[in-house]
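**Q** Just so you know, the protein sequences line up as chains P and X, in that order. Add 55 to the 1-based position in the first sequence for the working numbering, that's all there is to it. Add 55 to the 1-based position in the second sequence for the working numbering, that's all there is to it.
Possibly wrong hints are sitting among the right ones.
Copies of the same chain are indistinguishable here, so a pair counts whether it falls within one copy or spans any two.
Derived PhoX-like pairs: lysine-lysine, alpha-carbon spacing no greater than 25 Å straight-line [what the hints assert, rightly or not]: (1) K244 - K276; (2) K846 - K712; (3) K858 - K776; (4) K846 - K714; (5) K864 - K776; (6) K885 - K528; (7) K880 - K858; (8) K473 - K714; (9) K936 - K359; (10) K642 - K846; (11) K642 - K473; (12) K532 - K758; (13) K776 - K846; (14) K439 - K276; (15) K222 - K940; (16) K858 - K268.
Simulated from the structure, these hints should not be mistaken for lab results.
2 protein chains.
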Amino acid sequence: MGATKYVYDFSEGNASMKPLLGGKGANLAEMTRIGIPVPQGFIVTTQACVYYSANGAYPEGMEQEINDHLKALEKLTGKTLGDPKNPLLLSIRSGAVFSMPGMMDTVLNLGLNDETVAGLAAATGNKRFAYDSYRRFISMFGDVVMGVDPQAFEEELWAKRDEVGAKVDTDLTADDLEDLCDRLKGVLKAGAGESFPNDPMKQLHLAIVAVFKSWDNHRAKVYRRTQGIPDDLGTAVNVQSMVFGNKGETSGTGVAFTRDPSTGENAFYGEFLMNAQGEDVVAGVRVPRPLPEMEQVQPENLKKLYEIRETLEKHYRDMQDLEFTIEDEKLYMLQTRNGKRTAPAAFKMAVDMVAEGLISKDEGLMRIDPAQLDQLLHPRLDPKQELNVLAKGLGASPGAGVGTAVFDADEAEELGSKGRPVILIRWETNPDDIHGLMHSQGVITSHGGMTSHAAVVARGMGKPCIAGVQDMKVDDKAKTATIGAVVIKEGDWVSMDGATGRVFLGQAKLVPAGEDENMSAVLGWADEVRRLRVRTNADTPEDARVARTFGAEGIGLCRTEHMFMQQERLPHVQAMIMSDTTEEREKHLARLLPFQREDFDGIFRAMEGLPVTIRLLDPPLHEFLPSYVDTMLELQRLQLTGASAAEIAKQEALAAKVKSLAEANPMLGTRGCRLGIQWPEIYAMQVRAIIEAAADVMASTGKMPHVEIMIPLVGFEQELKLMRQLTIDTAEQVLAERKVKIDYTIGTMIEVPRAAVTADQIANQADFFSFGTNDLTQMTLAFSRDDAEGKFLTHYLSTDLLKANPFEKLDQQGVGQLIAMAVQKGRSVKPNLKTGICGEHGGEPTSVKFCHRTGLNYVSCSPYRVPLARLAAAQAVLEEKAADKKAGD
Amino acid sequence: MGATKYVYDFSEGNASMKPLLGGKGANLAEMTRIGIPVPQGFIVTTQACVYYSANGAYPEGMEQEINDHLKALEKLTGKTLGDPKNPLLLSIRSGAVFSMPGMMDTVLNLGLNDETVAGLAAATGNKRFAYDSYRRFISMFGDVVMGVDPQAFEEELWAKRDEVGAKVDTDLTADDLEDLCDRLKGVLKAGAGESFPNDPMKQLHLAIVAVFKSWDNHRAKVYRRTQGIPDDLGTAVNVQSMVFGNKGETSGTGVAFTRDPSTGENAFYGEFLMNAQGEDVVAGVRVPRPLPEMEQVQPENLKKLYEIRETLEKHYRDMQDLEFTIEDEKLYMLQTRNGKRTAPAAFKMAVDMVAEGLISKDEGLMRIDPAQLDQLLHPRLDPKQELNVLAKGLGASPGAGVGTAVFDADEAEELGSKGRPVILIRWETNPDDIHGLMHSQGVITSHGGMTSHAAVVARGMGKPCIAGVQDMKVDDKAKTATIGAVVIKEGDWVSMDGATGRVFLGQAKLVPAGEDENMSAVLGWADEVRRLRVRTNADTPEDARVARTFGAEGIGLCRTEHMFMQQERLPHVQAMIMSDTTEEREKHLARLLPFQREDFDGIFRAMEGLPVTIRLLDPPLHEFLPSYVDTMLELQRLQLTGASAAEIAKQEALAAKVKSLAEANPMLGTRGCRLGIQWPEIYAMQVRAIIEAAADVMASTGKMPHVEIMIPLVGFEQELKLMRQLTIDTAEQVLAERKVKIDYTIGTMIEVPRAAVTADQIANQADFFSFGTNDLTQMTLAFSRDDAEGKFLTHYLSTDLLKANPFEKLDQQGVGQLIAMAVQKGRSVKPNLKTGICGEHGGEPTSVKFCHRTGLNYVSCSPYRVPLARLAAAQAVLEEKAADKKAGD
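All chains should be modelled from the sequences, with the hints used to inform the complete structure.
**A** Below you can see the structure in the form of structure tokens.
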């Protein structure tokens with residue numbers, strides 16, 4: 056067995072080698088392969104990084120491999136690393152398998168030292184350029200490799216500018232920069248405790264190790280967790296000969312998207328800056344110019360860019376995100392990758408590319424991240440309200456945001472994680488702000504452009520972003536943002552429209568969004584492909600109607616407890632609970648009957664014969680009474696403040712009832728079918744209301760409602776047997792009274808672990824199983840959601856003990872095993888048992904795909920998640936096909 | 056396929072046909088087969104009862120079958136049913152597969168009517184006897200078959216006695232009884248709404264149906280539930296020719312045990328009454344005479360009884376419970392069955408019979424019901440206290456009882472089920488009192504003997520019983536018992552010693568029991584046979600010592616939270632909880648360290664190198680603070696009563712902390728390893744205390760403690776991985792400080808369903824699994840024990856929805872499946888993974904046997920249950936062997 060190869064020339068690789076070479080490296084190799092101009096170099100593999108992470112050292116022989124590839128590169132470029140006459144300069148960039156923009160480290164201009172900088176000046180005839188490159192290198196190396204606070208270098212630069220009266224960096228002369236380089240080396244030594252390394256080979260290896268290490272930095276870990284990227288992949292390191300966009304006015308740099316990433320329009324979309332390095336564009340330090348303006352300075356290169364755009368889109372069959380640099384009028388491509396896009400853009404591109412014949416419908420379906428759909432369906436600013444525009448910036452990521460102003464990422468996380476809506480306002484953002492962005496409703500920056508950090512990350516997260524609000528002065532020490540005479544202070548309400556770039560003061564009203572035609576087209580394809588049915592959770596006719604507009608094919612969960620909570624009903628509910636006898640309870644239940652019947656009537660009409668699963672009363676009865684502590688406090692207050700004996704006696708009676716119903720662990724107490732078993736009259740009333748409503752609706756519309764009655768919290772077959780009999784007895788009595796026939800089925804929630812484990816017994820009594828994954832998760836994990844979130848669960852997530860919140864993403868290894876077991880056992884008894892899921896997971900893509908793989912019949916989710924579930928369900932089919940094909944190969 | 060045979064003559068059956076013929080019938084057949092004198096008859100099978108229960112009618116052809124067998128019986132006896140000259144009279148008795156004494160119905164003297172009674176009088180020349188039989192038959196038939204309140208017949212009898220001035224029943228003349236018969240028929244017609252049926256065939260079939268129906272009466276169902284007897288077995292019906300013990304002074308009846316059922320002594324033990332029917336002995340209406348006194352009246356029959364005793368014990372190889380009747384000096388055996396016995400008797404008999412060569416040790420082990428062991432180990436009256444004996448009766452069932460007096464079974468159940476100790480005091484008990492007996496600490500009766508209902512049932516339940524306290528007058532209307540000048544009223548404390556028959560006034564002190572030599576011998580055999588190790592749950596050195604005297608082989612669960620609750624420690628615990636910083640917490644933890652170390656030191660010394668599993672802190676921290684409601688009430692009280700600002704501020708601070716820690720469902724909240732993960736300093740302190748104590752004990756005793764550290768409430772591998780590392784880091788630090796080496800292992804509780812489902816992952820981090828079946832039951836069933844018992848669980852048990860309390864008997868179908876899955880998955884990764892159970896189920900026989908079958912290494916239970924677990928573990932091995940043998944046959 057030969058030694059592992061850890062280093063590849065660009066010419067040795069191709070796009071399929073991503074796992075080994077990383078995304079960036081593989082694409083550089085691929086571009087090289089198809090004749091696109093790329094500055095040459097080599098790639099240290101992800102495996103080398105994994106080895107380094109585990110062992111803290113290079114694999115044996117790799118140093119020599121690097122040296123050999125460097126030699127080859129020197130030969131190819133005709134330059135030599137450290138050559139005082141004509142030095143080879145290198146860029147050292149991370150490149151992971153999955154894109155993690157800005158998360159890991161980069162070092163540019165490597166190879167410069169006091170000798171080579173002079174050589175560079177001589178070779179280019181541009182001393183200012185040489186020292187500008189040098190000072191950038193010292194700062195970046197000091198920050199990334201030596202761990203010095205970058206602010207210290209920035210301050211030294213500003214001090215120098217003040218000293219010589221330079222307004223902007225370009226006002227600094229070559230001599231100013233030469234002096235600055237010395238001073239920056241002083242800053243580096245002071246910060247790092249050791250001197251700047253002059254030896255370029257030493258620089259190279261230190262930089263490679265720094266990139267390896269940056270794989271495990273905090274922000275990269277956080278990012279991977281939010282994106283579900285495994286921690287054990289490692290990053291490749293791209294060592295590439297430098298080209299300079301900052302060599303003078305015939306040089307420049309830019310970024311572009313082959314289509315508009317915001318709208319999806321099929322138009323070349325990009326920005327450039329002359330005499331600048333790439334970081335200047337991305338970081339938003341200078342405001343870049345739109346691509347078409349390049350016509351004015353380098354029309355030939357613009358034409359070449361158009362050709363490359365065409366070539367790359369055809370080659371990759373997807374919208375590309377490009378980086379380029381022009382050095383002395385010569386164009387080089389530095390990167391290509393599939394571009395991030397907003398949800399509307401994703402739909403438009405998919406529809407257009409299918410129409411163009413570039414991709415198939417199945418590919419079009421796979422191009423859309425279902426999670427992105429969420430943003431499209433998120434509420435928009437109500438167009439009917441009067442809103443005063445406070446300021447305008449670039450509409451960098453669409454969507455509406457309303458929240459209180461915060462000026463710091465930690466604060467944003469602090470408040471946002473507690474469910475408080477915040478808008479993050481920054482001069483610009485950087486990768487250290489990622490946790491704040493995650494917890495904000497949106498982000499507004501005074502600097503930066505459409506491709507700035509804030510814009511790219513916000514689009515990725517589906518959050519609204521307004522970038523480059525130039526009229527806004529942000530003071531993050533004072534925590535204010537000033538726009539003319541208006542000062543936004545921390546805690547002030549701010550609203551934003553990320554599509555138009557408008558910022559508003561105050562708390563704007565939001566309205567639900569609808570589908571656009573591209574989304575409808577793609578969801579139409581999804582409906583043709585998917586096998587899973589998609590239902591909605593809806594408790595009201597209004598919810599039911601909204602969900603149907605999103606394509607819901609039925610109601611998977613209609614909760615009846617919210618109906619009990621309404622103002623005009625609660626007194627009857629409370630009187631029923633306070634009753635001492637069955638007769639008394641029945642009297643109060645009789646008063647509730649018409650209300651319940653009316654609820655179901657509306658829902659059956661809205662669903663027009665689609666299936667409606669109604670869950671009988673589930674929560675413990677004490678939820679309908681005042682809390683125990685409030686009741687006791689009121690009693691003590693009456694006693695201590697000399698209330699009348701009658702008042703005290705009344706409160707004592709209430710307190711006694713509340714106490715008798717109080718529970719140590721209500722989640723595991725008298726709820727669900729345990730109510731119906733102890734007080735059958737409650738469920739009997741509900742069943743009567745359901746069947747009467749169904750009969751009424753059938754009589755008036757001529758269409759039979761599709762009724763499914765669901766018994767909650769069953770753990771034992773006998774429980775369901777009893778409640779099934781009660782339901783049948785009551786329903787048959789109503790049908791006999793009404794002299795009609797209505798079909799109905801009776802099923803159960805599977806939400807108690809025991810029900811999953813004994814599903815072969817429970818299936819004997821059930822026409823369907825609906826997995827209540829919220830409660831099943833609580834019990835299987837022993838996680839009370841009320842007590843976990845904001846407490847230990849938050850701790851677990853923040854320390855990486857858990858990768859995802861199990862209440863958002865189904866815990867497939869734990870809860871999922873129980874679901875799979877229940878499906879298998881249930882169907883061993885009833886092969887056609889209908890199964891579905893009605894927890895919140897029914898609207899989360901990975902969970903929907905799990906449901907498909909596990910063979911469920913349907914998922915049910917909140918109305919706004921229905922489109923997402925339709926898409927995820929289709930993708931599950933396509934992923935299955937792909938896996939089958941692969942297995943067959 | 057031929058028609059099913061539903062009726063068998065005694066001569067057609069044998070002892071192995073119990074499932075079909077019931078216990079009594081099969082034994083009557085067996086006695087017939089081996090030549091013991093038995094009044095002949097036939098048996099209607101249990102299958103007929105099952106058919107009747109389901110269909111409400113006889114199976115086709117069965118009526119004819121009965122008639123055919125009746126004809127054969129008439130031929131055999133030379134008597135004919137309904138023959139006015141020489142009538143055949145029948146007894147109709149239930150006979151289930153498992154003995155259910157007194158639970159179902161019996162009809163005697165069937166066949167009597169106004170004509171046959173005269174024939175009986177003529178044939179026997181004893182008119183008084185004939186009418187006495189007739190009046191008994193009318194009453195019994197009215198009660199059992201026609202559903203008339205038996206009290207009504209009893210009152211009529213008393214009225215007649217008063218009328219003629221008869222002190223006892225035997226004072227009534229033949230004419231008195233003839234008149235009484237007419238009056239009883241009037242009572243029957245008034246109560247039942249129809250006349251007494253004169254047709255003996257009608258009587259026969261009505262009685263058979265009544266016995267079938269009695270299978271499903273309430274008390275029978277309750278009894279079956281307590282005994283774990285399935286509801287679908289049905290009862291057989293024994294139709295047997297009557298013999299009369301009440302035919303005059305040459306007739307009699309009696310019951311006997313082939314050995315003493317109370318002590319186990321190898322001595323013939325019985326009671327008889329001349330001129331009486333069997334019910335007179337069992338019901339305790341007349342006080343019977345001890346068997347040896349039969350020498351004085353019928354020495355020949357006594358000799359025959361001794362011979363039969365010998366024959367039957369040899370034949371059945373177990374102590375027999377016999378019923379006999381002498382009719383005109385001719386001896387008949389009416390029943391034989393394996394006799395119930397007290398726990399001490401069971402041990403003595405097993406040891407004696409093995410010594411006698413009657414049975415093998417394995418058989419001896421199987422002869423003892425582990426549940427019975429419980430009574431033997433229950434506390435005894437402290438012999439050191441001065442006790443004044445109030446009265447003395449028969450020591451009918453041993454054991455000490457202390458409780459408040461109750462005079463009615465419902466009241467006993469009411470109080471007893473709430474955990475209040477009660478002593479049930481009755482004139483006599485009957486099967487309707489069974490629920491009251493179940494919930495009492497003991498029972499005292501003023502009537503009846505050693506074989507009375509109260510005595511038999513109490514022995515079966517392992518409860519103390521004193522029968523026949525003749526000096527005591529019980530008035531169950533007034534709810535008093537009067538003994539001389541002393542009146543015991545409801546609610547007065549009473550103490551009793553069921554072994555000596557002594558009754559005391561007041562609340563006596565109890566002390567723990569110990570093993571006797573027979574028990575030790577049997578447990579010695581058990582230890583040779585069993586594979587399961589038996590450990591104990593012990594939190595203190597004292598518990599540990601007690602458990603070792605009972606044979607505990609280690610501690611399976613040492614909880615550390617009780618150590619936190621002790622008075623001198625709680626302030627430090629509370630200060631630790633109130634701390635805002637890690638440093639502050641560590642300061643208070645340092646104060647707790649010496650206490651914890653001392654706790655572990657004592658336990659390690661007590662266990663002398665046996666394994667000790669210590670669970671790190673488990674309960675939520677708010678358990679160590681005042682309750683939320685109390686804190687808020689105190690705050691309001693301070694506010695409303697003008698307390699100082701400082702007092703209020705202090706209480707507000709406490710309230711804020713209590714509120715921040717309050718949980719909606721503490722069972723599923725921040726507890727177990729979630730404490731150690733968020734505040735590692737707590738677990739670090741505990742591990743330090745454990746290892747320091749182990750080092751101290753090793754240094755001073757030279758013997759290395761066997762330390763097992765257990766992490767509670769693990770649901771994810773990563774949780775255990777972190778806590779394992781914390782434990783190792785801390786332990787290694789202590790060992791380095793002390794410069795010693797102590798072996799320790801680290802394992803986890805499996806109590807969260809997810810842990811069971813993902814046991815193959817968790818096993819990677821665990822040296823052992825200990826199933827915490829209390830919590831695993833709570834979570835798997837969604838049964839909060841605090842909220843279930845006394846509420847829905849009590850409802851479920853009382854309505855038969857559940858057969859057993861899952862917190863007492865392991866729910867093998869639900870929780871058991873998770874345990875089996877966890878063992879299998881855990882061992883798939885670590886074939887030698889040590890597994891045990893430490894919930895309360897570790898001391899319940901069926902659960903212990905489940906643990907054996909599932910392949911666990913040990914069970915752990917409370918100290919007093921250790922012997923029970925040793926025995927059950929041995930029986931599990933023997934049952935497995937028997938099953939293997941059967942499967943191999």
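**Q** Which numbered hints turn out to be false for this structure?
**A** Checked against the structure, the hints that fail are numbers 1, 6, 9, 11, 12, 14, 15, while the rest are satisfied.
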